[in-house]
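Here is what each chain is made of, one letter per residue.
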Amino acid sequence: MFDTTAASIDFSIIAPEIALLVAAFIILVSVYNESMRNLAPIIATLGLLASLIIAIEQMGNPKTGFFGMVSCDDFTVVFKILFVVSSLLVLLIGRRYFAAKNIDRPEFYALLCISTMGMMVMASTTDLVVIFLGLEIMSVPLYVMAGMDKRSLESNEAGIKYLIMGAFASGFLLMGIAFIFGSSGTTDLRLIAADFQFIGENYQLYFNAGAVLTLVGFAFKVAAVPFHSWVPDVYQGAPTPVTALFSVGPKAAGFAALLRIFNFGFEGLEFISDIFWMLAVLTMTVGNILALRQGNIKRMLAYSSIAHAGYILVAFAVGGSAAMSAAIFYLFAYGLFNLGSFAIITQLEIRSGCKSELSELSGLSKAHPYLSAALTVFMLALAGFPPTVGFIGKFYLFTAAIDGGFIWLTVIGVLNSFISVYYYLRVVKVSFLEKFEGTFAPVKYTPAMMAVLLITLAGTLGLGIFPEKLLEFSKAAIFAFL
Amino acid sequence: MELSLLTFFPAIGALLLLLVPSKQHDTIKMVSLLVAFITFLISLWLYFAFDPIAHPMQFQFSVPWIPSMGISYHMGIDGISLLLIVMTALLMIPAILCSWKSITKSVKGFYISMLLLATGMLGVFCSLDLFLFYVFWEVMLIPMYFIIGLWGGQRRLYAAIKFVLFTMFGSLLMLVAIIYMAFEFKSQTGVYSFDMIALTGMPIDTQVQMWLFGAFALAFAIKVPLFPFHTWLPDAHVEAPTAGSVILAGVLLKLGTYGFIRICMPMFPEATVAFTPYISVLAIIAIIYGALVAMVQKDIKSLVAFSSVSHMGFVMLGLFALNTQALEGSVIQMINHGISTGALFLLVGMIYERRHTRLISEFGGLAKVMPVFSTIFLIVTLSSIGLPLTNGFVGEFLILLGLFKVNTTYAILAATGVILSACYMLWMYQRVIFGKLTNPKNEKLLDLSLREKVILIPLVVLIFWIGIYPKPLFDRLSPSIRLVQEQMQSRASAAKTSKFELVESVKESDYNYDATIEDRLEKVK
Numbered sequence: 001m002f003d004t005t006a007a008s009i010d011f012s013i014i015a016p017e018i019a020l021l022v023a024a025f026i027i028l029v030s031v032y033n034e035s036m037r038n039l040a041p042i043i044a045t046l047g048l049l050a051s052l053i054i055a056i057e058q059m060g061n062p063k064t065g066f067f068g069m070v071s072c073d074d075f076t077v078v079f080k081i082l083f084v085v086s087s088l089l090v091l092l093i094g095r096r097y098f099a100a101k102n103i104d105r106p107e108f109y110a111l112l113c114i115s116t117m118g119m120m121v122m123a124s125t126t127d128l129v130v131i132f133l134g135l136e137i138m139s140v141p142l143y144v145m146a147g148m149d150k151r152s153l154e155s156n157e158a159g160i161k162y163l164i165m166g167a168f169a170s171g172f173l174l175m176g177i178a179f180i181f182g183s184s185g186t187t188d189l190r191l192i193a194a195d196f197q198f199i200g201e202n203y204q205l206y207f208n209a210g211a212v213l214t215l216v217g218f219a220f221k222v223a224a225v226p227f228h229s230w231v232p233d234v235y236q237g238a239p240t241p242v243t244a245l246f247s248v249g250p251k252a253a254g255f256a257a258l259l260r261i262f263n264f265g266f267e268g269l270e271f272i273s274d275i276f277w278m279l280a281v282l283t284m285t286v287g288n289i290l291a292l293r294q295g296n297i298k299r300m301l302a303y304s305s306i307a308h309a310g311y312i313l314v315a316f317a318v319g320g321s322a323a324m325s326a327a328i329f330y331l332f333a334y335g336l337f338n339l340g341s342f343a344i345i346t347q348l349e350i351r352s353g354c355k356s357e358l359s360e361l362s363g364l365s366k367a368h369p370y371l372s373a374a375l376t377v378f379m380l381a382l383a384g385f386p387p388t389v390g391f392i393g394k395f396y397l398f399t400a401a402i403d404g405g406f407i408w409l410t411v412i413g414v415l416n417s418f419i420s421v422y423y424y425l426r427v428v429k430v431s432f433l434e435k436f437e438g439t440f441a442p443v444k445y446t447p448a449m450m451a452v453l454l455i456t457l458a459g460t461l462g463l464g465i466f467p468e469k470l471l472e473f474s475k476a477a478i479f480a481f482l
Numbered sequence: 001m002e003l004s005l006l007t008f009f010p011a012i013g014a015l016l017l018l019l020v021p022s023k024q025h026d027t028i029k030m031v032s033l034l035v036a037f038i039t040f041l042i043s044l045w046l047y048f049a050f051d052p053i054a055h056p057m058q059f060q061f062s063v064p065w066i067p068s069m070g071i072s073y074h075m076g077i078d079g080i081s082l083l084l085i086v087m088t089a090l091l092m093i094p095a096i097l098c099s100w101k102s103i104t105k106s107v108k109g110f111y112i113s114m115l116l117l118a119t120g121m122l123g124v125f126c127s128l129d130l131f132l133f134y135v136f137w138e139v140m141l142i143p144m145y146f147i148i149g150l151w152g153g154q155r156r157l158y159a160a161i162k163f164v165l166f167t168m169f170g171s172l173l174m175l176v177a178i179i180y181m182a183f184e185f186k187s188q189t190g191v192y193s194f195d196m197i198a199l200t201g202m203p204i205d206t207q208v209q210m211w212l213f214g215a216f217a218l219a220f221a222i223k224v225p226l227f228p229f230h231t232w233l234p235d236a237h238v239e240a241p242t243a244g245s246v247i248l249a250g251v252l253l254k255l256g257t258y259g260f261i262r263i264c265m266p267m268f269p270e271a272t273v274a275f276t277p278y279i280s281v282l283a284i285i286a287i288i289y290g291a292l293v294a295m296v297q298k299d300i301k302s303l304v305a306f307s308s309v310s311h312m313g314f315v316m317l318g319l320f321a322l323n324t325q326a327l328e329g330s331v332i333q334m335i336n337h338g339i340s341t342g343a344l345f346l347l348v349g350m351i352y353e354r355r356h357t358r359l360i361s362e363f364g365g366l367a368k369v370m371p372v373f374s375t376i377f378l379i380v381t382l383s384s385i386g387l388p389l390t391n392g393f394v395g396e397f398l399i400l401l402g403l404f405k406v407n408t409t410y411a412i413l414a415a416t417g418v419i420l421s422a423c424y425m426l427w428m429y430q431r432v433i434f435g436k437l438t439n440p441k442n443e444k445l446l447d448l449s450l451r452e453k454v455i456l457i458p459l460v461v462l463i464f465w466i467g468i469y470p471k472p473l474f475d476r477l478s479p480s481i482r483l484v485q486e487q488m489q490s491r492a493s494a495a496k497t498s499k500f501e502l503v504e505s506v507k508e509s510d511y512n513y514d515a516t517i518e519d520r521l522e523k524v525k
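In order, the protein sequence lines correspond to chains A and B. Be aware that the first sequence starts at 1, since it is given in the working numbering, and climbs by one per residue. Be aware that the second sequence starts at 1, since it is given in the working numbering, and climbs by one per residue.
This is chain A alone, in the form it adopts within the complex (with noise of 0.2 angstroms):
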């Protein structure tokens, strides 16, 4: 079955995940020296650099190694560069949020760096069982950094409220992964889809439950509706930059796996697609709707990650070639914006005593007139407004949609984007809008922050006027894929 060069022990495969994980053990032996534990960030950042060097020389060379287990193509690389990325976004903009909240530990880069790696581990395999692996590996981490802040009640319960419904998320996946063993007798997606006819044929019953169930686990982790109800409350207790991380890469993570074993492995099984469908109109509607009435603007931002998990649920509904290049377009798009934005609210955050509430940013206009010109920019790109590469992103998938024949799904999904119109441009109005009341603290701009702040707007701009670039790029992925 396999080719003999699938069989060989090859390292330059994970020499991506090998970096951060080097990274990741030096931060973890000098955090007991005094003097190097400032050197954690650099340490981390140097890590996470030479992963995304690697990663990027990967890029056009498709490996298969460790007997099959796992697998580096154009697939894995993009989403490789994606999570480095947003990693490194998270660092730049967590060291002075921490610093101030005097939760400044050196492990927070050390678990940053594993997460990262369990992502990557995510995203290169074929193996549901070395898919499953990763998910843990990635997860662990984040229930830690989600308790991060040992003071603070919220984040105590953030950590608590990912571990018990993470754990419940990985049971069902396991259950999944089980029932699929046992139908087809081997937890490598290419040998199922290969088999897909016999299996289905014989063991249908067992292994469409199986199906259903890991669909059921991963729904858990990209925040699907009906298994969100963990999102709001973790987003808003955990230390901002960590929400941050949240929203991008285990989801980003989540949605890669998913476009392994479904449009990959059981890319014949018909009955998923109705599946996704629902799926993606609750998750749109309701985390539409939901995040109308929310004062708070973490909370906000956590219903609106879930709906556009939703706008990226359609394209799975969709499936095929162009479906799939427009959810990793999407993917990419939305990290841009809402690190972007969770960077200006951790920077409004730092100023001590301040709860993220939305009327907290009422005048920000007048006090700090870039960073509230930039905050608008970036809601709306989230609501979609050109020319942000917001819009390109939902042009790009609904177009796919239509291309697919859904067009009343496309309806469903331009409607949802209507109705996020005004909860985005609620902060607009109340940083713009709305009378100057109390003081605002002078804003430092540290280097860090000024790195995220351009390389997210320019990202914004940039790419939504020009997104020619990252359309190839997104669709590399895919063709070497299938």
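Please keep in mind that the hints were generated in silico from the structure rather than gathered at the bench. Glycine included, every Cβ here is placed at the ideal spot set by N, Cα and C. Treat the hints with caution; some may be incorrect.
Using 30 angstroms as the maximum straight-line C-alpha spacing, the simulated DSSO-like pairs for lysine-lysine come out as follows [stated by the list, open to error]:
| id | chain 1 | residue 1 | chain 2 | residue 2 |
| --- | --- | --- | --- | --- |
| 1 | B | 101 | B | 444 |
| 2 | B | 101 | B | 405 |
| 3 | A | 444 | B | 105 |
| 4 | B | 105 | B | 368 |
| 5 | A | 366 | B | 101 |
| 6 | B | 101 | A | 435 |
| 7 | A | 366 | A | 475 |
| 8 | B | 23 | A | 366 |
These stretches of chain A come out as covered by chain B in the derived footprint (C-beta under 8 angstroms, 3 or more residues) [stated by the list, open to error]:
| id | segment |
| --- | --- |
| 9 | 168-175 |
| 10 | 216-225 |
| 11 | 262-271 |
| 12 | 399-406 |
| 13 | 419-425 |
Given the coordinates of chain A, assemble chain B onto it according to the supplied hints.
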């Protein structure tokens, strides 16, 4: 390239403004005025460089933008867009000048928003690619949201969000229709295309046309605004600052009617014909309802706002008469409404600046203290009613002429609207300007300043010029109107021919058309 320069010149001006320190109000105002003026000069140059006899789409410029999706940066104008562009560029100047004293907070932000708004509006008129069209269409919303929401009146927050949500609702469904058009093109030819010229020649199944027409028409009808989608308009108009109202009434409403004539009619001819009765009825309701509501308004500004509903209903009715006279009249009436209503809002803004009220009952006898103001107000009022020798007459007359050929009942009902408009406008004028000067606060009002005269006099000149000698406008307009009609007819007659034949037939009709123009010119000589 000329069109790109025109479109993006205001945006470049806005970027320049970013560099000016926000305390230097005079510099900011001068720079933005200069930018608006140069934009106007560019548009004027286009007006004279436009060749009335050559191929309808001129100054075309096309480069691939997002090639994998078949999207190109394609710009070009015909006679219809040319006139609207000149009007837009012209109205920017009074809109900026009238804010000279009335805008006092966040001055820099205001002028940046105005210039970005100009880029959006000009872009919509210039684009020949549906994707580009949509991008400009949406880009316009945000500056307008800020203009209403930040510099508006008491209920500005409500009005601003209402404006955005109404427009968004329509435009998002329009986006679905746009994507569907590109998909339809792909299923016929194998590649995506958003190019308006290519899509205009594409045969579409009648049933599908109905849906597509519906989606586009909803977006445009909200913008026009056609009854019953007009409820955002009074709020937005009354709450917006004067400059916002001028642009809103002068240009933004025209985007809706422009959309009908540029997209709906040539692309979905069968659906246009099928929808004509419904839209005509709605337009008639808008004419009469708008006029009746305008009559009972206590606030001058909301009176003018409702008169816009009525007048735009007239334009819509003319468009959907679907014959040459009415179409030409409608486009001219779009220009006229821009100038007259723009001028009315400017005048209302001027007395509001003096008295800080717009209630009709607060005024009376202004003729004594403000003679120049009263004279100009009279001219503008008469032009809005459509008195012969003013611009309003030309448009209304042509629309009625065209209507009578199609449906006498519609024409009679529309004529009622003209009478009603005379009633409410003249009655308002009488209460504000004539009579005794009863309110002591009005006794010391100053007449128009030099700046205010500079704002108004060009508009007054235009009112008479279009009223007396509109031929240069028609020269540029008629070929494009003809082409729209021919596109509709050739599509209707060739509903079953294949796409390629169709493209050929459209091309042929262009040539034939050029020939007939030349014949006509020969005869004239």
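Hint by hint, here is what the structure shows:
1. 101(B) x 444(B): This hinted pair holds, its Cα atoms lying about 19 angstroms apart.
2. 101(B) x 405(B): violated (49 angstroms)
3. 444(A) x 105(B): holds (26 angstroms)
4. 105(B) x 368(B): Violated: residue 105(B) and residue 368(B) sit about 34 angstroms apart, past 30 angstroms.
5. 366(A) x 101(B): Holds, at about 21 angstroms.
6. 101(B) x 435(A): holds (22 angstroms)
7. 366(A) x 475(A): violated (43 angstroms)
8. 23(B) x 366(A): holds (14 angstroms)
9. 168-175: violated (count 0)
10. 216-225: Not satisfied, violated; 0 residues make the cut.
11. 262-271: Result for this restraint: violated, n = 0.
12. 399-406: It holds, with 3 qualifying residues against the three required.
13. 419-425: holds (count 3)
Checked against the numbered hints given earlier, the structure breaks hints 2, 4, 7, 9, 10, 11 and satisfies all the rest.
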